[in-house]
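Here's the letter readout for the chains.
There are 2 protein chains.
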Amino acid sequence: MGRIYKEIDFCITPDRLSRQESLFHVANGYIGVRGTLEEGVPSSFDTMRGIYLNGVYDTIEMKQAEKLCNLVTSKDVMFNAVDAQSVSICIDGERFSLLDGEVRHIERALDMDAGVALRKVDWISPSGQEVVIGFRRMASFDIRSLFTIDISISSPSFSGVVEFISESRGCVPGYASHLDPRLPAEGEVHTVPLGCILSDDGGVLLSRTKGSGIEVAAAISAGCGNAFDSEVSYDEQAHSLRHVARGRLEPGGSIRFVQYAVLLDSRRSDHPADDAISIMRVCKGRIDELYAKQRSFLAAFWKKAAMHIEGDEELDTAINFSIYQLLQAAGNDGLCSMAAKGLSGEGYEGHYFWDAEMYMLPFFILTDPESARRILSFRYRTLDAARRNARLLGHRQGALYPWRTISGTECSGYFPSGSAQYHINGAMAYAIAGYHAATGDDDYLCREGAEVLIETARLWISVGNWHDGHFMINGVTGPDEYTCIVNNNYYTNAIARFNLMYAGSVISRLAISHPEVLERLGIGSEEAEEFRKAAECMFMPYDDGLGINAQDDSFLQKPVWDISSTPEGNLPLLLHYHPLFLYRWQICKQADTVMAYVLFPDIEKPDVMLRSFRYYERITTHDSSLSACIFSIAAARLGLTAEASTYFGDSLLLDIEDSHGNTKDGIHLANIGGSYLALTRGFAGLCLEEDGVRIRSPLIPRGWIGFSFRFSYRGSLAEFRISQDAWSISIIEGDGFPVMTDSGTAVVVGLDSPLRVRL
Amino acid sequence: MGRIYKEIDFCITPDRLSRQESLFHVANGYIGVRGTLEEGVPSSFDTMRGIYLNGVYDTIEMKQAEKLCNLVTSKDVMFNAVDAQSVSICIDGERFSLLDGEVRHIERALDMDAGVALRKVDWISPSGQEVVIGFRRMASFDIRSLFTIDISISSPSFSGVVEFISESRGCVPGYASHLDPRLPAEGEVHTVPLGCILSDDGGVLLSRTKGSGIEVAAAISAGCGNAFDSEVSYDEQAHSLRHVARGRLEPGGSIRFVQYAVLLDSRRSDHPADDAISIMRVCKGRIDELYAKQRSFLAAFWKKAAMHIEGDEELDTAINFSIYQLLQAAGNDGLCSMAAKGLSGEGYEGHYFWDAEMYMLPFFILTDPESARRILSFRYRTLDAARRNARLLGHRQGALYPWRTISGTECSGYFPSGSAQYHINGAMAYAIAGYHAATGDDDYLCREGAEVLIETARLWISVGNWHDGHFMINGVTGPDEYTCIVNNNYYTNAIARFNLMYAGSVISRLAISHPEVLERLGIGSEEAEEFRKAAECMFMPYDDGLGINAQDDSFLQKPVWDISSTPEGNLPLLLHYHPLFLYRWQICKQADTVMAYVLFPDIEKPDVMLRSFRYYERITTHDSSLSACIFSIAAARLGLTAEASTYFGDSLLLDIEDSHGNTKDGIHLANIGGSYLALTRGFAGLCLEEDGVRIRSPLIPRGWIGFSFRFSYRGSLAEFRISQDAWSISIIEGDGFPVMTDSGTAVVVGLDSPLRVRL
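For the record, the sequence lines run as chains A and B. Taking my numbering, the leading residue of the first sequence gets 2, the next gets one more, and so forth. Taking my numbering, the leading residue of the second sequence gets 2, the next gets one more, and so forth.
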């Protein structure tokens, strides 16, 4: 059994392959390797043959059609750092290819307990030689700069020479689709070669990015244990390193080729080439030991993060797949974060958005607070860049986090649905609050968190203005990008209010416990009072006639878009309508007001939230993958079990079923994080608070036997379980904690005192 | 005396020269030649050495920083079509230059009666030869494809050889400033050479634009009557045509070199080279005859367009200068219009905006209705492009004129302050109404005007929506570009209401007189009724508390920008603040609500208009040159004589004083048209209506003796005069017309029955 996601094919098609490149990518938060075929594909295939390094970016020019003051004119891009996944195999001189000979069976699997991606091909060569070729890929969690490929070939009948030709290239182009005329025909090469250090059984390819000047070292070592012949060579022209190994395969026997790639960059290392060589020395020849370490890393991981859906195997596999993707994506060193597509593809150029904090981070807060803190650190490290961004946008105080970035600078080219999404600032506050509630980590608050909170709060004071006794926030864009640059976006005002209030309360607390921190940050009680006052008087749009929260001041005076009469072919709307046209309608790309309800379950009376939910449901296309999961949570919290289940299914299977048609560009990591939240925050009604764990009226979808998941709270590891008739919390490790339930009283659960509540 | 604008210098400076290149450009509505120096300038000077052809454009790529649906990705640009203004002069082997030898006197003049630009230089060569060199340039109004340079040299003392070397180039770069690091160092060459047809005394350079494929032919012929030696040669490499002529100059005598350039393009001619040769045959050797024709053209022009300010010579010259610039800019063949900078420079890339109809056309409606009709025709010819533009912006019906264009397609790259300015549609309706009121030209309405009116009206129905019994227009941008994408912009709603109402009334009229026109246009009474209903119920923002019209629904809930505390160096704001920052303030780049008052003097009660005027005056920076003139008119109409005078002065002298600091990029033609309007519509209170000429309480600035101007109405030529104690209208030619005055009764004025009213 175990946690395995598997697909079986009997032939190969371009569409399926490009989707599998995303689904079967391997990553460890630093290295991400697309699930391409080692042996390559014909040029007619649309492949994205990439290896990406988290936080390693090039900087390129971004021309603005018109020059307006302080518009963004350059951007970071994640790029294809190296090709260390190309190995040709010749069986008695016949080159292995899925498009030659006969393919009898292809099995691809992501083994999430072993931490490897597997491919097994039963193949008969054109001349009739029958072989089974197994590929095993690993991005090591133990040594984050290591990626390995392990190829085994066996045959019941073949006797002869097998040749492995590995070709690693230091400067490779990014994705270019010959199928999409809108994309350039040739992918861009973002690096220039800096040379190669050759050794007996390998070498280090050294390159440097053209714009950002980051060096990338790729140490490659490869070999075949029972080879009778092997060689290593460097081609300066191609900046490529070639390993050739030849061995004999006898009937019933097998032959194995293992390649180690150690990748390092100059953001992490002062001497990436030297360090890569040192690490290679440690790794080389120890593949099975490395597999064991990978397995034990994952055992520890799943112990803390296990989640199961009982009664639906497909969903159970899918939720494990989802959790594993979050693990693969998460940068773990403070120099990087989690990209919209993780490290699985070049979609969104590898940028980090608000969803890192809002959709993905909650998983780490619940299961691995130490990782959560490191992920949060990225925003602290880029706080100065956020301050500069705020100045560019005219604000004399505070910091504004960039809508999309790798290095910390704003990389969005179209500010009305980019930089104007000021609500990203609130995502930082919400994440910090969530992390602190789960951990009580005052050290983090003092060192990093308070500064981020105060600077983001200051920005709200600068962007908002007082009018008629209300604090208003004009000229911003909410999460719904089908309506841009509006006044008093409900979601934005809600998250800004939270940001201001939470900053105010942290300041109050630190004023007693750590006054030196406030002194360092130059914040006094007057400013804290300003935060509180703005929060208290924040204008929150509400329409008396409809009894709902308006998405913004003028949203409800626009005509209602009739989704049911929109031709199917016109979805997603953003690909078929000029943005200005969309702005004039009541039409939502994604959860906006409803998102506020999910973050703040007590923000409005239930009847208002229910009416709003029904209202926005009718006009939301879910063209964004950030939407269905939020609607699932909102539905669950409103007691709408059936709707919650449907939205959850849409969300959980999005990539596996490729329902948005673009999984090939990379997996939808925000949606994945949202699926996880749909179970924990949605169905289970779980919320970690400062004074304990709150469970709000949990639900279980009809047809499920039950579901369970583990989470940590203030040092204790716990498990939540629910079946059709009861739910429970039990402590696995630690002293336990108080649990607040609908009954209104807090119950302390401990190792020997689980809590069980009948539904 | 005569109409002459003159500047005298004793040396040359780069700043002054580049400004003079604009002020002393010569143009005839088709050809525009910058007032550069024939002999060239040192490379350290910032010169824009351009010759432009109205309506002749290249098409270039315009990259959008982010790919959104249906964004504009290419644009038209007016380009430097040819260099036919370069003539070197050698006096006894010494090359004439204002930077060598001694310059004793430079006089530059625009003779607006003769229709020529003059430059006279008293120069002593490095070796001490004293000469007077006169340059005379003409863009012929009689033969619109003709541009001439006429150089005369005389000397009291010099005896020797004078050499003229003319070098005309077919493919030349556009403007590039080595002083502005934001601009490319090399100007772009927009044409490729197609060869040259050589003849005895000249040739034709043929080129084709790279993107739009328009051919440009430049026939050049040059000669010196008393030359003892001359030659013509073509350099294929440089695609240049060289004329060299040598003659002797004796003390007291003179020598003259005349160059004819005939420029044609393949939009106007099927065989531009052949036709240029034919036209050249007619022109060559007849320069003095051509001068006479130019003078008689201008005599006829001034007869109809004369305007005088008595008591202030500087203003009188400036207003004549302004009128002459309008004449120079106006395309006259329906294939082109009037660019923001006319044909005087490359600013705004030679694009036509709404100001062509709103600011410049009124002059032609008042003085030369036939030209006005041809200018209007440009929009009829580009109606299909406007329909396509509407479709791109999501509208299933109607036409939306592009915010900036040459060919008729939208060329604005940043749609929030480009395409979103839907009010340009209303400018068409207002222009058509103005033209028809002045002429009663039903033929135009039936052939062209009605279709434009109906298609623009249909667009308003598509963009607006009904809400609470009102017709609302959401998500558009008004004239003030410091506030973008708003709901119910007062100006937009006012002009849309007019557009709908006027379309409705024209339909009613044509239903009786020309039902076949309505049939052809597929418009029925139901749709006309829809127009009327929307117009009647148009929502017009009004703030009860302030008693003013709000610029849009949410304008007054924003904080008020304090202009007085803004550092001088931060103006214009658009160069110093991110647009999103500006959008959040009550701050106006230019007249917006006040503009509506100027167009529709009875739109609100006077006290509302006065309060609004005062309110917006306080928050308007006039960073746009389209603003001061409108404020002058509004002030005049509100009886604020002093304010009207100040704004008028700011407007009238803008280019001459270079008060915006960018006259070097071209003259500000909208402002120039607005200055004219400030006298006619503002001070004189003149409005041509369907049933006669209305004069609303005229004013005269203190300190003036009087002012007067001529205008035409329904076939009669009239003159308005005002002094400090009375105003009058007299008929110069024709049967006369009714004049409505403040007294409320209409008086018919005729040839022998002028109207005189005491102030």
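Quick caveat, the hints were computed from the structure, so don't treat them as lab data. Be careful, since some hints might not be right.
[Unchecked claim] Every beta carbon over 10 Å from chain B, so not counted as near; a handful from chain A, in silico:
| # | residue |
| --- | --- |
| 1 | 15 |
| 2 | 60 |
| 3 | 64 |
| 4 | 67 |
| 5 | 193 |
| 6 | 202 |
| 7 | 271 |
| 8 | 285 |
| 9 | 420 |
| 10 | 585 |
| 11 | 647 |
| 12 | 715 |
[What the hints assert, rightly or not] If you want a taste of the chain A side facing chain B, the calculated C-beta under 10 Å gives, among others:
| # | residue |
| --- | --- |
| 13 | 11 |
| 14 | 73 |
| 15 | 100 |
[What the hints assert, rightly or not] Distance condition first, Cα-Cα at most 25 Å in a straight line; then the derived BS3-like pairs of lysine-lysine:
| # | chain 1 | residue 1 | chain 2 | residue 2 |
| --- | --- | --- | --- | --- |
| 16 | B | 68 | A | 64 |
| 17 | B | 64 | A | 68 |
| 18 | B | 64 | A | 64 |
| 19 | A | 211 | B | 68 |
| 20 | B | 304 | A | 64 |
In this text, all values refer to a predicted model and were calculated from it rather than measured experimentally. Where a beta carbon is used, it is the ideal one built from N, C-alpha and C, also for glycine.
Hints, one by one, checked against the model:
1. Remark: the non-interface label on residue 15/A is consistent with the geometry, its nearest Cβ contact in chain B lying 23 Å away (cut-off 10 Å).
2. For residue 60/A, the condition that its CB be more than 10 Å from all CB atoms of chain B holds, with the nearest at approximately 14 Å.
3. Its beta-carbon lying about 5 Å from the closest one in chain B, residue 64/A breaks the requirement of being farther than 10 Å from that chain.
4. Listed as outside the interface, residue 67/A is inconsistent with that label: its C-beta sits roughly 4 Å from the nearest C-beta of chain B, within the 10 Å cut-off.
5. For residue 193/A, the non-interface assignment is confirmed: its Cβ lies about 24 Å from the closest Cβ of chain B, beyond the 10 Å cut-off.
6. Under the 10 Å C-beta cut-off, the non-interface status given to residue 202/A relative to chain B holds; the minimum distance is some 46 Å.
7. Chain B leaves residue 271/A outside its interface by the beta-carbon criterion, the shortest separation being 35 Å against a cut-off of 10 Å.
8. For residue 285/A, the condition that its CB be more than 10 Å from all CB atoms of chain B holds, with the nearest at approximately 45 Å.
9. Against the 10 Å criterion, residue 420/A falls within the reach of chain B, whose nearest CB is about 7 Å from its own CB.
10. Not every beta carbon of chain B lies more than 10 Å from that of residue 585/A, the smallest distance being close to 4 Å; the non-interface claim is violated.
11. The claim that residue 647/A lies off the interface holds: its Cβ sits roughly 29 Å from the closest Cβ of chain B, which is beyond the 10 Å cut-off.
12. In this structure residue 715/A is separated from chain B by more than 10 Å, as the shortest Cβ-Cβ distance comes to about 41 Å.
13. At about 38 Å, the closest approach between the beta carbon of residue 11/A and any beta carbon in chain B exceeds 10 Å, and the interface hint on this residue is violated.
14. Annotation: interface hint on residue 73/A holds; nearest CB of chain B at approximately 7 Å, less than 10 Å.
15. Here the hint on residue 100/A is broken, as its CB sits about 33 Å from the closest CB of chain B, past 10 Å.
16. Under the criterion of a C-alpha separation no larger than 25 Å, the hint pairing residue 68/B with residue 64/A is consistent with the structure, at around 12 Å.
17. Using a Cα cut-off of 25 Å, the hinted pair residue 64/B and residue 68/A holds, with the two alpha carbons roughly 12 Å apart.
18. Restraint check for residue 64/B and residue 64/A: satisfied, since their Cα atoms lie roughly 6 Å apart, inside the 25 Å limit.
19. A hinted pair counts as satisfied when its Cα atoms are at most 25 Å apart, and residue 211/A with residue 68/B qualifies at roughly 24 Å.
20. With a CA separation close to 51 Å, the supplied pair residue 304/B and residue 64/A exceeds the 25 Å bound.
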